[in-house]
Amino acid sequence: MSNFPSTVVDDGGNVHHLLKQPLGRGGQGVVLRTRSPHIAVKLIGSVPETPTADPDARSAQKLWNRLTHAPGIVQAPDAQKHAALRRRLEDVRALPLPRLHLAQPLAMLRDHLGYTMRLLTGMVPMRSLIAEPGEPKLAEFYQSTGGVGRRLELLANTAGLLARIHAVPLVYADVSPNNVFVSATVDASEVWFIDLDNLDYLSADAPGIFTPGFGAPEVVTGRAGVSTLSDSFSFAVLAFWVLTQVHPFLGDYVEEGGWDDDGEEDREQLAFRGALPWIEDTGDDSNRTAQGIARHLVLSKPIRDLFRRAFEAGRKDRTARPSMAEWTEVLRRAADRVVSCKGCGSTFDVTAGNCQFCTASPRPTFIHMQVNRWDPEFDDTGASAVSSRAVWHKMLDVTKDSTVLRHVVEPVLADAEDAAVLRVRVLRSGVAIEPLSNHEVHVVLGGRLQRVGSEIKLPLPKAGNEAYLHFGPLDRPHRMAVLRLWEGV
Numbered sequence: 024m025s026n027f028p029s030t031v032v033d034d035g036g037n038v039h040h041l042l043k044q045p046l047g048r049g050g051q052g053v054v055l056r057t058r059s060p061h062i063a064v065k066l067i068g069s070v071p072e073t074p075t076a077d078p079d080a081r082s083a084q085k086l087w088n089r090l091t092h093a094p095g096i097v098q099a100p101d102a103q104k105h106a107a108l109r110r111r112l113e114d115v116r117a118l119p120l121p122r123l124h125l126a127q128p129l130a131m132l133r134d135h136l137g138y139t140m141r142l143l144t145g146m147v148p149m150r151s152l153i154a155e156p157g158e159p160k161l162a163e164f165y166q167s168t169g170g171v172g173r174r175l176e177l178l179a180n181t182a183g184l185l186a187r188i189h190a191v192p193l194v195y196a197d198v199s200p201n202n203v204f205v206s207a208t209v210d211a212s213e214v215w216f217i218d219l220d221n222l223d224y225l226s227a228d229a230p231g232i233f234t235p236g237f238g239a240p241e242v243v244t245g246r247a248g249v250s251t252l253s254d255s256f257s258f259a260v261l262a263f264w265v266l267t268q269v270h271p272f273l274g275d276y277v278e279e280g281g282w283d284d285d286g287e288e289d290r291e292q293l294a295f296r297g298a299l300p301w302i303e304d305t306g307d308d309s310n311r312t313a314q315g316i317a318r319h320l321v322l323s324k325p326i327r328d329l330f331r332r333a334f335e336a337g338r339k340d341r342t343a344r345p346s347m348a349e350w351t352e353v354l355r356r357a358a359d360r361v362v363s364c365k366g367c368g369s370t371f372d373v374t375a376g377n378c379q380f381c382t383a384s385p386r387p388t389f390i391h392m393q394v395n396r397w398d399p400e401f402d403d404t405g406a407s408a409v410s411s412r413a414v415w416h417k418m419l420d421v422t423k424d425s426t427v428l429r430h431v432v433e434p435v436l437a438d439a440e441d442a443a444v445l446r447v448r449v450l451r452s453g454v455a456i457e458p459l460s461n462h463e464v465h466v467v468l469g470g471r472l473q474r475v476g477s478e479i480k481l482p483l484p485k486a487g488n489e490a491y492l493h494f495g496p497l498d499r500p501h502r503m504a505v506l507r508l509w510e511g512v
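Numbering (the numbering used here) for the sequence shown: 24 to 512.
Derived from the structure by calculation, the hints contain no laboratory data.
These numbers come from a predicted model, not from an experiment.
Worth double-checking, as some hints may not be accurate.
[Stated by the list, open to error] In silico BS3-like pairs for lysine-lysine, Cα to Cα no more than 30 Å straight-line:
#  : residue 1 : residue 2
1  : Lys-104   : Lys-160
2  : Lys-85    : Lys-160
3  : Lys-324   : Lys-365
4  : Lys-85    : Lys-339
5  : Lys-485   : Lys-423
6  : Lys-365   : Lys-423
7  : Lys-324   : Lys-423
8  : Lys-365   : Lys-480
9  : Lys-160   : Lys-324
10 : Lys-339   : Lys-324
11 : Lys-423   : Lys-160
12 : Lys-423   : Lys-339
13 : Lys-104   : Lys-43
14 : Lys-43    : Lys-85
[Stated by the list, open to error] Between beta-carbon pairs, the in silico distance windows are:
#  : residue 1 : residue 2 : range
15 : Arg-110   : His-61    : 22 to 32 Å
16 : Leu-123   : Glu-463   : 55 to 65 Å
17 : His-40    : Gly-368   : 38 to 48 Å
18 : Glu-155   : Lys-104   : 29 to 39 Å
19 : Ala-375   : Ser-411   : 43 to 53 Å
Here a beta-carbon is modelled for each residue, glycine too, at the ideal position from N, C-alpha and C.
Throw the hints in and build the complete structure from the sequences for me.
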């Protein structure tokens, strides 16, 4: 075994000084920061297990240690492996990846098996949204890292990025909390993927790459290689852990064992191979657990249904799993329904009525943006709309600026770019609306339509004085939004 080198040299002769604390480890090696905040280095090889002070540590703790600790790396570089990696990276650079948030490989290393990659500043692994098992102040950690609202937004963006990769069609292969990077600040929600050397076109002979604890059963057992459906399973594991703070397959049966456990079968490995039920299985409660955040607080029914499809039927039949397009749609809808508590600052689904995270449980104050379809052939430019049921709901926070994304104001495929369209600021005396793109926006003021070209201020949209926004040319069908203030008590 060798410890991490202190420096590495790339093909261009550039010397990179490595920082000893790894960003994380994945299915094929370790990623480390360098002294340059914009460059990271991937070292490919096997990582020895970190000795644990407690040989009887719970499976969740052992998995956490594997994700967060790497004492060194064993490399066996040779000319053949270098040549294979060089071909792999050249293939990745040639892939059609326009405007995708992917940290592209930059250069091969000379004397080590690995490469450099670009790293954005102000980004941290999604692992930072997961508390270490046994965290005594779990609720405090959850809220300080953005609560359920930020988690839903980041997961929706992660799902959207995976959907765009799958549409190429490519497979990411190694979805894990160490390979998905998110904004470090709680008021930002940018998502990037690193570690792209396994990115490839979908094929029948794809390799079986995965991070332990996140691999799909067919990949872990060797029955099949990676695919878009294995990506979907790995994403579901990541999403459930981020939202509930517990791994979906590390329930009480796995963690506690029993007096009749003969030790012939490792329950953790059985769970990761898909041989055990998940912790919320509707047909088998043998592996349930009360660990983590109460599910009803953070999982809406549509999200819970997707997890059931992924981990029940999808555990044995990969074709039963939700696609990343489905995940994107459901997570976007859930994220847009979140409001904040003026008592404790927690975020929660508006349909809950009031905050369930604090004793005060005040009702929230927010602006409800109800979106309907509008057709000039049937409707006037005021309050009428052709769709009797709303096609989207977006809750706007009155305590901070809100950004309205493209999926709210027009139909957007999950594999399309979801750009910001509008910024809404709630003022003491009204609402400021600012277009952020070339999307055509009209507002109804005093019964008259006005094109919004720059920031415009409107009265507070209280009952009887709602604001109406049209998104698109007025001579064509488009979406129309009604803004209405809801004041809590």
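Between Arg-110 and His-61, does the C-beta distance stay in 22 to 32 Å?
-> Since the Cβ atoms of Arg-110 and His-61 sit about 26 Å apart, the hinted range of 22 to 32 Å holds.
Are the Cα atoms of Lys-423 and Lys-160 separated by 30 Å or less?
-> Holds, at about 27 Å.
Within 30 Å, alpha carbon to alpha carbon, are Lys-339 and Lys-324?
-> Holds, because 23 Å separates the two Cα atoms, which is no more than 30 Å.
30 Å Cα cutoff - pair Lys-365, Lys-480 | 24 Å, holds
For the pair His-40 and Gly-368, does the Cβ-Cβ distance stay inside 38 to 48 Å?
-> Check passed, 40 Å falls within 38 to 48 Å.
Satisfaction of hint between Lys-423 and Lys-324, Cα-Cα up to 30 Å | 28 Å, holds
Is the Cα-Cα distance between Lys-365 and Lys-423 30 Å or less?
-> Measuring from Cα to Cα gives roughly 12 Å; hence the hint holds.
Does the alpha-carbon distance linking Lys-160 and Lys-324 stay inside the 30 Å limit?
-> Cα-Cα ~27 Å, so holds.
Holds or violated: 29 to 39 Å for the Cβ distance of Glu-155 and Lys-104?
-> About 35 Å separates the Cβ atoms of Glu-155 and Lys-104, which means 29 to 39 Å holds.
For the range 55 to 65 Å, tell me whether the beta carbons of Leu-123 and Glu-463 fit it or not.
-> 27 Å, violated
Pairwise hint evaluation, Lys-85 against Lys-43, where the allowed Cα distance is 30 Å at most = 21 Å, holds
Given hint Lys-423 paired with Lys-485 - CA-CA distance at most 30 Å = Holds, at roughly 18 Å.
Hints 1, 12, 16 and 19, counting from the list given before, are not met by this structure.
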